[in-house]
Amino acid sequence: MNTTTRVLLTALLCTAAVACSKKVKEVPNTGTDTGPSTGNVTDTTSTAPGAYGPNDLDTDACLRQRVVYFDLDQDALRPEFQAAMACHAKYLRDRPSARISLEGNADERGSREYNLGLGERRGNAVSSALQANGGSGAQLAVVSYGEERPTCTESNEDCWAKNRRVEIVYTAK
Amino acid sequence: MSPSLRRFAAVFALLLPIAAFASAALAQEKGLEIDIVGGNASALPIAVVPMPYQGSGAAPDIDVAGVVRADLDRSGQFRGLPEASMTEKPSSGGEIQYPTWRLLKQDYLVVGRVVDAGGGSYRVEYELFDVAKQERLLGLAMTARSSAMRDVAHQMADAIYEKVLGVRGAFWTRIAYITAVGTGKGSRYALMVADSDGFNPQTVVRSPEPLLSPSWSPDGRRLAYVSFERGNSSIYIQDITTGSRELVASFRGINGAPSFSPDGRRLALTLSRSGNPEIYVMDLGSKALTQVTNQFGIDTEPTWSADGGTLYFTSDRGGRPQIYQASASGGGATRVTFQGSYNASATVSFDGKKIAVAQGSGNVYRIALLDRSLGSPRWSTLSPGSLDESPSFAPNASMILYAAREGRRGVLYAVSADGRVRQRLVLADGDVREPAWGPYRTQR
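Chains as they are written, first to last, in numbering that gives the first Met the number 0: chain Z, 0 to 172; chain P, 0 to 443.
Same shape as in the complex, but just chain Z:
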């Protein structure tokens, strides 16, 4: 991705994040037009109809998706992860006490220190996407492990693709 697109995308995500942030700071949420469960969200406790609770993290198919994969040297979110961004952002809105650590990772190619930067960039991309979907920045932390925490240790494309990832880790549910 060239710099111009990156700047534009960042600007877009920032705008979206700002647009949504007011809403998520308010508790209870008065409900607006962007949430997946439109109109009904008047309370953020787990008892509210349509709101996520901690059990959903283990049972809900969308919320169980906790790994976001990236293309080589890229930090752009692939379209197939938009649904996951929306449901995790909704969870954050439904559960203001929830906290997520976004663990950014890179494959083994290239320098370890540069890959720390790349992992952080990917973590930031997921953070921006969650905020664009209404999650609060205060609920999100990014940590980069670079290429130090591979899930797969062979030197081939299949393996590298599994390692270029951000793991969504709930540090508070």
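A portion of the hints provided could be inaccurate.
[Unchecked claim] Pairs of lysine to any residue, SDA-like flavour, derived with a Cα cap of 20 Å: (1) Z/K161 <-> P/K352; (2) Z/K161 <-> Z/V142; (3) Z/K161 <-> P/K184; (4) Z/K161 <-> P/P383; (5) Z/K161 <-> P/G406; (6) P/K184 <-> Z/T170; (7) P/K352 <-> P/T309; (8) P/K184 <-> Z/E166; (9) P/K184 <-> Z/V66; (10) Z/K161 <-> P/G181; (11) P/K184 <-> Z/V142; (12) P/K352 <-> P/S379; (13) P/K88 <-> P/V114; (14) P/K184 <-> Z/E153; (15) P/K184 <-> P/R229; (16) P/K184 <-> Z/R65; (17) P/K184 <-> Z/F80; (18) P/K184 <-> Z/P149; (19) P/K352 <-> P/G307.
Everything labelled a hint here was simulated from the structure, so no lab data went into it.
Position chain P relative to chain Z; hints supplied.
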């Protein structure tokens, strides 16, 4: 030299846990695989004759001449005559038959002997001769305890190297590197220090979390490194002699790529506390930070010019990672590398004329050398692997240490700066990575 040797030995004894000794002993027992990969026709032929033990007590368990020969071979500048080809084995100048060594086409000849110096010490007496001129170039003696005989041999190789080539030898130096064993939650990491040929490995730090990017202080007493033991990356400086350590950077975001300034008073490092990885210089006395870069892009891996005025670093501000240079006090940066789509992990020779990098092209990453000593910059490729990284110059720039992958395992290689001789240092079981060549062990 022996007081400083004793100090090193004493220090290691104090600071290391028993387990470290056990694993070090194991690694040493297994030895390291010497693997001269390429030949060098222009290398100077030298015969280092085995040095007999002429004492009455137990003989030293180190083959001093063998260590000297291996050092000189590894440099690429010399070609040691194999012991089997030596038809005579003189141990002093008076025993030398010059026609024999001329017939064997040797330019230089090293002879010597080991004698008992009492109290568990040995005295090594050796001489270096120019075969053509039939002239003695060196005649020296060194006394050391039996445990320090490898140090003696490395210093002999340094003296021979300097006498013949006029360049200070860098065999009596140490290297630092990271080892990793296991994967996932069972992983174990260690920051190690060893002799320049990989022998005498010693554990400096162990951690269940990743360790990376060791950097030597210019006096060789401290190592800066990155540890994930606090969950996020943070930078520590550890005194190798006392074992004491200090947390110097643990900001939000990345704390990485530490690099001591040549005067040892400052540390260049990468921090992303502003939201983006930038290069900073920390005054180690006051801990005050000066920001060097301010760019939308990843800026990392700073390394200093010998005069401390310039920082070389990796930046992807132009789209892909390339090496840039900037004044250590900040200001604009200029791009240094233009060949190759990926250049990172710069290491700069002491004279600033050569820069080695990990150069990537597609799925292949190799060590490449940029020589700026001639009019136009000239590139050469020094390694044949596919995932070679982390180059580190010897203090005399004669060799470069780097990490390579073989199967699932990381190994270290030492390659001569002309790329013609490579040696694999097989240091231990598990994954070995991120070598950093330490400074000279004595100041001049």
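We went through each hint and held it up to the structure:
no.	hint	verdict
1	Z/K161 <-> P/K352	violated (40 Å)
2	Z/K161 <-> Z/V142	holds (18 Å)
3	Z/K161 <-> P/K184	holds (18 Å)
4	Z/K161 <-> P/P383	violated (27 Å)
5	Z/K161 <-> P/G406	holds (18 Å)
6	P/K184 <-> Z/T170	holds (18 Å)
7	P/K352 <-> P/T309	holds (13 Å)
8	P/K184 <-> Z/E166	holds (16 Å)
9	P/K184 <-> Z/V66	holds (18 Å)
10	Z/K161 <-> P/G181	holds (19 Å)
11	P/K184 <-> Z/V142	holds (18 Å)
12	P/K352 <-> P/S379	holds (14 Å)
13	P/K88 <-> P/V114	holds (17 Å)
14	P/K184 <-> Z/E153	holds (18 Å)
15	P/K184 <-> P/R229	holds (15 Å)
16	P/K184 <-> Z/R65	holds (19 Å)
17	P/K184 <-> Z/F80	violated (27 Å)
18	P/K184 <-> Z/P149	holds (11 Å)
19	P/K352 <-> P/G307	holds (15 Å)
Checked against the numbered hints given earlier, this structure breaks hints 1, 4, 17; the rest are met.
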